[in-house]
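A.B. asks: Now for the letters of each chain:
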Amino acid sequence: MDILRSERSRIVVSLGLLSGAFILFAGAVGMIEAFHEREVVDKFISLGQLLMLLAPFAVGFVAASRMAHTDASALTLLVCGAGVGILTAIPTVILLLFNSEEFRFLLDLTLKLLPLAVASYFAWQRYRAGADPRLVAGAWLAIAVLIGIVTYSFALVFEIKGELRTVLVNINRDWVDVVTFDHRKELMTGILTLCLATVASGCVGAIFHLIPDAPRRALLYGLGVTFLVGAFGETVRLILQEHLDRDTLKEIFRRDTLRQNAALALFVVSTVTGFLWAMFGQNLRHGISTMEYSQRRVLNGIGMLLFVAILLSLPWLIGRTLSDVAVTIGIFVLMGLGLNIAIGLAGLLDLGYVTNYAVGAYILAVLTSIGPLGLLKGTFNFWTVIPVALLAAMTAGFIFAMPVLRMRGDYLAIATLGFGEIIGKLAISDWLKPLIGGAQGVQAIPKPVFLGAELKNPEQLYYIVLVACLVTLFVSIRLNNSRTGRQWMAIREDEDVATAMGIDTARAKLLAFTLSAATGGVAGAIFAAKVGTVFPNSFTVFISINVLSLIIVGGIASNPGIVVGAIVLIGMPELLREFSDFRFMMYGALLILMMIKRPQGFIPSKIVTHEVRQGVKLKPAAAE
Amino acid sequence: MFKWKTDEFSWVDFTIDVLRVLIVLAVVVGAWNTLSSGRISLAQWVNLFAAGLSQGSIYALIALGYTLVYGILLMINFAHGEVFMAGAFTTVFFAEALNRTGFLNEQPLLAILLMIVFAGLVSMTVAILLERIAYRPLRGSPRLVPLITAIGASFFLQYTFRGLYGSGFKAYPGVKALQGAFSIGGINIPVAQVFVFCSALILMLCLYWLVERSRIGKAMRAVSENKEVARLMGIDIDWVIMFTFGVGGFLAGSAGVINGLFRPQGVNFYMGFIPGIKAFTAAVLGGIGNIPGAMLGGLFLGVIEAIGPNLVLAGLGIPGANQLKDVIAFTMLVLVLIFRPQGILGERLSEQKA
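Residue numbers (the working numbering), protein chains in the order written: chain H, 10 to 633; chain B, 302 to 655.
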């Protein structure tokens with residue numbers, strides 16, 4: 010019983026502190042505050058508050074499910090949920106106290122007592138372990154002085170009158186407002202509210218575990234749909250405004266936020282749908298899988314047709330603003346598919362992919378611009394330059410690949426990163442200014458003209474991107490199954506063995522670099538035509554990291570994964586502006602998490618999954 | 302279709318040879334033009350050299366972190382530049398506090414020492430957390446996996462610190478004792494540069510002592526030779542790896558302070574990325590995994606970066622040559638990786654690791 014209790018408390022403490030640390034971190038980097046700007050449901054809850062409550066909820070649920078095997082009673086689970094909730098609040102509460110003027114003395118006191126306490130703890134441990142008392146006393150003094158110096162430095166840093174925000178810019182009044190649910194003036198009430206809220210959501214999380222499976226899924230579905238529609242309220246409104254009249258829209262949204270009634274209705278409808286699906290979905294799926302082959306083919310065909318119809322009518326369905334986002338996503342899908350040839354198929358980690366993008370964009374800019382830097386002043390149009398941009402990017406890819414063919418793995422990554430940086434610096438330099446305009450870049454790039462009509466709207470550019478994506482997708486699927494594709498995969502697995510098998514690795518790698526550069530060039534050219542100006546700041550290492558992240562998150566060597574990855578990683582920051590400040594933080598965290606938890610990506614390709622599984626099996630032998 | 306590779310002739314080798322000839326040609330022509338035109342006097346060359354040396358000693362301090370980690374784990378800790386930034390960026394506030402109390406200008410030496418320790422501890426904490434959270438679960442996985450993790454960690458740390466301290470530049474307070482210049486034979490060398498060089502040298506000597514003479518240094522060397530045998534000898538591998546990250550972090554943090562003190566434009570969240578890559582270049586230059594190599598590589602890179610644009614690029618008639626300082630450094634990186642991946646001093650070591 011004792012051991013059991015300690016296991017339970019360990020689960021609660023570790024999970025509670027985890028979510029507490031998360032909330033503290035989210036507050037300190039300004040995430041909670043920024044997300045608070047966006048209300049999910051009008052006058053009810055904001056995204057920031059939701060973020061704060063979601064953590065104890067999730068952790069409460071996990072804690073409850075981890076305890077499932079210990080036949081814990083419902084009451085125990087509830088207590089655990091509450092414990093997780095209170096632990097979640099504690100770090101934030103401490104920071105709140107440190108930040109408030111009445112309780113600032115707590116910070117001073119902590120900083121003064123901490124060195125003594127820590128030193129005493131260590132000394133006591135050593136003493137109990139039977140160390141020489143004189144030595145213990147000396148060590149105690151040394152540790153106390155050392156930590157004393159550090160804490161004194163901290164005290165000095167925070168000495169300035171006022172709040173912590175002189176150093177931590179986001180621990181400011183807005184943050185206090187959000188975490189205390191607008192009780193900045195009466196701090197104690199605020200802290201109580203915060204604790205109650207986290208405890209409540211921790212308990213709800215724990216209770217959630219007790220609900221039977223089918224209604225739980227339905228509830229989760231309902232909550233999820235409501236959350237998504239609420240969080241992306243602006244997007245949903247933009248779509249609906251294409252198809253609904255203004256008055257109906259006003260019933261649903263107040264500006265960009267979902268009204269409470271609409272949210273409730275949406276929640277009820279989606280929960281009921283979810284419940285029906287949970288009850289009868291099984292039968293439906295069973296029915297489809299037992300259908301005749303010919304019937305299933307018809308069904309597949311209908312699905313396919315529907316998909317194509319949606320793809321073709323997308324700009325009409327979603328309106329101008331979102332078409333613009335769709336074009337951006339498409340450009341990144343294009344780059345993702347291209348870079349995937351190098352990273353996914355051939356296993357060459359190319360961190361300088363932005364080079365190809367820049368080459369494509371600059372070639373298009375210089376050749377078609379009608380501004381002072383345009384070389385040909387309108388004799389070339391978009392369509393004739395696209396092949397030129399493609400060839401130029403391929404040439405650049407070829408030239409840059411030549412010297413690095415002998416490199417492997419991490420050295421290759423760093424060398425390509427170096428190329429990317431060199432290109433960036435050259436683009437902004439005075440040396441090439443007469444050619445490509447230095448920091449101002451090249452302006453006045455005309456829009457593509459198709460059958461006499463200028464394609465100046467994103468709705469029209471969308472089709473160019475769509476065609477380019479489909480062509481690239483086709484090529485990359487064919488490559489994947491070709492002889493060359495198999496050579497690349499062999500190189501990815503083991504270069505030495507591939508060489509021994511008679512594969513000309515230099516030639517295969519060169520081909521991979523060159524082909525992957527081609528799509529980068531096309532993407533760059535489309536980007537240049539879309540924006541109308543090209544300047545060096547659009548071509549930083551962040552582009553390469555963006556593309557890399559979407560490949561890793563979606564799934565290495567998985568084409569559907571890349572498309573989904575681009576929609577999520579590129580689309581989300583575009584649609585949720587509050588998110589965009591944190592996009593690279595999220596990408597970084599995602600890259601780390603994916604590598605640790607799911608290196609094959611969310612929508613993995615079959616071969617890679619197989620490899621990863623095998624890799625796990627081989628690991629003990631290959632570890633050292 | 303031509304034959305790509307035959308026994309006698311390979312296109313890859315041919316390209317690399319052509320590249321080699323082109324680069325030598327460019328360097329010789331550029332240098333000849335500059336020297337024969339006499340645009341830059343001897344005193345100016347000496348000044349450039351001294352500036353390069355002081356910048357290089359900062360690269361060397363950061364490079365040591367790369368080299369220590371590579372020596373033990375055979376991985377490139379791509380996020381090390383951000384560890385450097387963490388120390389430098391956090392210590393700005395401490396430096397401001399010291400300046401407010403007047404301590405900074407009364408006892409500059411002691412204050413700077415305190416700042417170095419402070420920054421070192423901050424960076425050390427970041428480096429140890431990084432190892433614990435991001436790298437430890439990945440030990441033994443394929444080599445690209447920790448590299449991608451490290452790239453992720455790099456951007457995560459950058460934007461975390463941007464969130465914590467804001468995105469603006471923050472300048473270190475000026476220290477009076479570091480202003481002015483020594484005058485030797487008509488050549489003025491700023492005190493700050495001498496200070497940077499000397500403090501870096503002291504730190505490097507401390508590190509050398511730590512690795513070569515102390516008990517934990519012995520354990521570090523043992524782990525880098527062979528992890529399994531070291532484990533059998535009773536060495537706690539996890540602790541040694543953590544310690545290595547900690548030492549690397551400490552050096553990076555102290556480099557951050559030293560760098561910040563004579564960096565007029567101030568520090569911000571992005572300050573670590575470029576120096577990180579350059580320090581990696583320095584580490585590779587000296588032979589990665591090799592401690593004296595990293596020191597030499599850093600100094601060498603600093604000097605090349607200071608002299609190169611004026612000597613070679615200006616000689617080739619390229620305008621705004623000093624803008625292209627970074628290009629020189631990255632070109633060095635690529636060239637070293639192409640022509641001599643084992644580095645200047647790395648031959649012996651890379652044979653062992655291969």
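Hints were generated in silico from the structure; no laboratory data involved. Treat the hints loosely; a few may be bogus.
[Unchecked claim] Below, computed lysine to aspartate or glutamate pairings styled on DMTMM-like, alpha-carbon distance capped at 25 Å:
#1 Lys471(B) x Glu526(B)
#2 Lys52(H) x Asp333(H)
#3 Lys626(B) x Asp439(H)
#4 Lys456(H) x Asp333(H)
#5 Lys434(H) x Glu513(B)
#6 Lys606(H) x Asp627(B)
#7 Lys52(H) x Glu195(H)
#8 Lys194(H) x Asp51(H)
#9 Lys442(H) x Asp627(B)
#10 Lys194(H) x Glu110(H)
#11 Lys471(B) x Asp51(H)
#12 Lys519(B) x Glu529(B)
#13 Lys615(H) x Glu463(H)
#14 Lys194(H) x Asp183(H)
#15 Lys456(H) x Glu468(H)
#16 Lys471(B) x Asp183(H)
#17 Lys121(H) x Glu397(B)
#18 Lys194(H) x Asp117(H)
#19 Lys528(B) x Asp419(H)
A.B. asks: Against this structure, judge whether each hint is valid.
C.D. replies: Structure-based check of each hint:
no., hint, result
1, Lys471(B) x Glu526(B), "42 Å, violated"
2, Lys52(H) x Asp333(H), "30 Å, violated"
3, Lys626(B) x Asp439(H), "13 Å, holds"
4, Lys456(H) x Asp333(H), "15 Å, holds"
5, Lys434(H) x Glu513(B), "40 Å, violated"
6, Lys606(H) x Asp627(B), "37 Å, violated"
7, Lys52(H) x Glu195(H), "21 Å, holds"
8, Lys194(H) x Asp51(H), "24 Å, holds"
9, Lys442(H) x Asp627(B), "17 Å, holds"
10, Lys194(H) x Glu110(H), "11 Å, holds"
11, Lys471(B) x Asp51(H), "39 Å, violated"
12, Lys519(B) x Glu529(B), "15 Å, holds"
13, Lys615(H) x Glu463(H), "43 Å, violated"
14, Lys194(H) x Asp183(H), "12 Å, holds"
15, Lys456(H) x Glu468(H), "13 Å, holds"
16, Lys471(B) x Asp183(H), "23 Å, holds"
17, Lys121(H) x Glu397(B), "21 Å, holds"
18, Lys194(H) x Asp117(H), "22 Å, holds"
19, Lys528(B) x Asp419(H), "21 Å, holds"
Of the numbered hints given earlier, the model fails hints 1, 2, 5, 6, 11, 13; all others are met.
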